[in-house]
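Peer 1: Sequence:
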Amino acid sequence: PIKLVWTQSRASNEEFHTTLLMTVMFNATNTPASSRHFKRSRWGPILLRRVLAAVLVAAALAVTSIFPGRHERRHTIIWIVQAFSTSFSHSPVRSRRHFSLFSTTTDTDKDIADDHVKNERGMRIAIVGSGAVGSYYGARLWEAYRDSNTQVMFHMRNEHYDHCTKYGIDVKSYDGDMSIPPEELLAFQSTEDMADYVKEKSDSNEEGEGIDWVVCALKSTSLDAVPKLIEPLTSCDTRVLMIMNGLIEDDLVKMMREQHESKGLDGIGCKAIYGGMALICSNRLSPGKIDHSYGGKLAVGVAFSSDANSGDKWVEEDKKAILDLFDPATSKVPFVYESNLRRGRWWKNVWNLPFSGISVAMGGITVDRIVNDPSLRSLAYKVIDETLKVANADLMSRNSPPEDMLGEETAEEMMTLSDGMGPYKTSTMLDLHARKPMEVKYLFRKAVDQADALGVEVPHLETLVCQIEAYQRHYGLF
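Per our numbering, residue 8 is the first one in the sequence shown, and the count goes up by one each step.
Rather than coming from a laboratory, the hints here were simulated on the basis of the structure.
We treat Cβ as the ideally placed atom computed from N, Cα and C, and that holds for glycine.
Keep in mind that the hints are not guaranteed to be accurate.
What the hints assert, rightly or not - Using 27 Å as the maximum straight-line C-alpha spacing, the simulated DSSO-like pairs for lysine-lysine come out as follows:
| # | residue 1 | residue 2 |
| --- | --- | --- |
| 1 | Lys453 | Lys389 |
| 2 | Lys326 | Lys339 |
| 3 | Lys179 | Lys448 |
| 4 | Lys448 | Lys261 |
| 5 | Lys173 | Lys206 |
| 6 | Lys179 | Lys304 |
| 7 | Lys453 | Lys320 |
What the hints assert, rightly or not - DEER-style ranges, computed between Cβ atoms:
| # | residue 1 | residue 2 | range |
| --- | --- | --- | --- |
| 8 | Ser155 | Gly429 | 29 to 39 Å |
| 9 | Arg164 | Lys304 | 38 to 48 Å |
| 10 | Arg480 | Ala232 | 20 to 30 Å |
Full structure from sequences and hints, please.
Peer 2: Below you can see the structure in the form of structure tokens.
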């Protein structure tokens with residue numbers, strides 16, 4: 008569709024008239040004839056809107072004829088015409104495109120879109136798990152791709168869905184506040200609905216018309232449900248990014264492979280699986296309200312690649328794909344590619360195990376109370392040291408090169424980061440207070456089990472984990 012924007016202040020009057028005339032002709036010749044299009048337009052038949060467009064353009068032509076030398080006047084006229092066009096827009100919750108006087112393509116009029124628009128479609132990104140972390144990163148991706156053809160879709164449930172479809176998503180962030188208005192939000196209550204939407208908007212005869220990225224930001228308590236949950240969204244061309252806590256990748260790849268093999272198929276049902284380690288402070292204050300109070304980098308590595316050889320974890324195409332995904336958002340999302348995902352997981356555990364662990368073991372306290380109390384700060388250092396020992400032992404057992412080992416500087420990096428967090432409430436603390444299932448198995452127990460298997464003593468860490476498991480059993484937080 009043509010949207011007329013006049014920016015060439017030195018263009019001739021004749022060129023200007025020609026452009027206007029082309030716009031009128033384009034809109035007149037592309038008016039859909041089917042009556043079903045008439046029924047879907049909020050402001051009446053599309054033909055009537057095209058006539059109104061022609062009248063406005065004709066008026067602009069008349070004025071520019073009277074003032075042939077005033078280019079600013081011509082620019083103002085076009086701005087008025089487009090503003091008038093926008094007043095006719097109709098934006099359903101699942102649509103980012105608007106009905107307008109100069110637009111012949113809408114989400115409800117997919118079948119009349121021209122082939123060029125189809126071929127130039129952007130990516131389709133599905134955010135599964137739109138909580139504190141998923142909503143934040145999803146919103147930043149939406150912000151980065153807003154002016155492109157890329158669609159960022161959100162899987163939401165219950166009151167979060169109800170609120171966001173009415174009022175949108177609001178993010179308060181130390182990196183800059185932003186919001187997604189409800190008319191531009193693509194929200195779905197199930198992954199099946201999301202898949203049906205994409206299928207409806209795609210030409211099933213063309214390849215590559217599915218979902219390009221699934222960004223899954225669920226808690227690890229839901230890991231068993233992930234393969235079935237994302238199955239409607241994945242194909243052999245889909246890449247999956249798991250932004251989750253804990254040592255999850257081995258079990259996830261195994262579960263996805265078993266699910267795919269149960270249907271007599273090879274592989275795991277997607278092109279690649281990535282693991283994401285998000286060192287940020289993000290809380291969902293209420294439905295649709297995200298508070299991003301502090302944060303560091305998002306580190307991502309590859310857990311599985313269908314293109315890699317048996318001895319490799321990933322190929323350059325996998326690295327390029329994830330870098331390209333976040334490249335437009337790097338001003339707000341500090342991003343690092345982690346060539347050794349296992350190392351990245353242990354790096355994140357160097358923060359999670361001491362600070363989330365102590366927070367819960369103390370009955371649910373904020374990070375500032377840990378770093379400002381001499382005894383708890385000392386305990387945090389002890390747990391960090393033990394985590395580094397088991398991390399490096401695990402990396403060596405997996406034949407990681409010496410340069411991949413975590414150094415002592417990691418301890419100070421995590422403590423410095425924590426000193427600046429203030430009264431941050433860890434997700435496990437919030438779950439304890441809310442009496443919701445806590446991330447114990449993959450976030451805490453897996454690390455201790457790995458230490459036992461490798462013969463590494465971690466007495467302080469094991470004590471913390473035993474206390475956390477006691478809370479879990481006592482309150483039934485499974």
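Peer 1: Determine for every hint whether it applies to the structure shown.
Peer 2: Hints, verified against the model:
1. Restraint check for Lys453 and Lys389: the C-alpha separation of about 19 Å stays at or below 27 Å, so the hint holds.
2. Using a Cα cut-off of 27 Å, the hinted pair Lys326 and Lys339 holds, with the two alpha carbons roughly 20 Å apart.
3. Distance restraint check for Lys179 and Lys448: the Cα-Cα separation of roughly 31 Å exceeds the 27 Å cut-off, and the hinted pair is therefore not satisfied.
4. The hinted pair formed by Lys448 and Lys261 meets the criterion: a straight-line CA distance of about 17 Å does not exceed 27 Å.
5. Pair hint Lys173 plus Lys206 holds up; C-alpha atoms about 25 Å apart against a cutoff of 27 Å.
6. A distance of roughly 18 Å separates the Cα atoms of Lys179 and Lys304; the hinted pair therefore holds under the 27 Å criterion.
7. A C-alpha spacing of about 22 Å is found between Lys453 and Lys320, which places the hinted pair at or below 27 Å, so the restraint holds.
8. The hint said 29 to 39 Å for the Cβ distance between Ser155 and Gly429, and at roughly 36 Å that hint holds.
9. For the pair Arg164 and Lys304, the beta carbons lie near 29 Å from each other, so the given range of 38 to 48 Å is not met.
10. For the pair Arg480 and Ala232, the beta carbons lie near 22 Å from each other, so the given range of 20 to 30 Å is met.
Comparing the model with each earlier hint shows violations of hints 3, 9; every other hint is respected.
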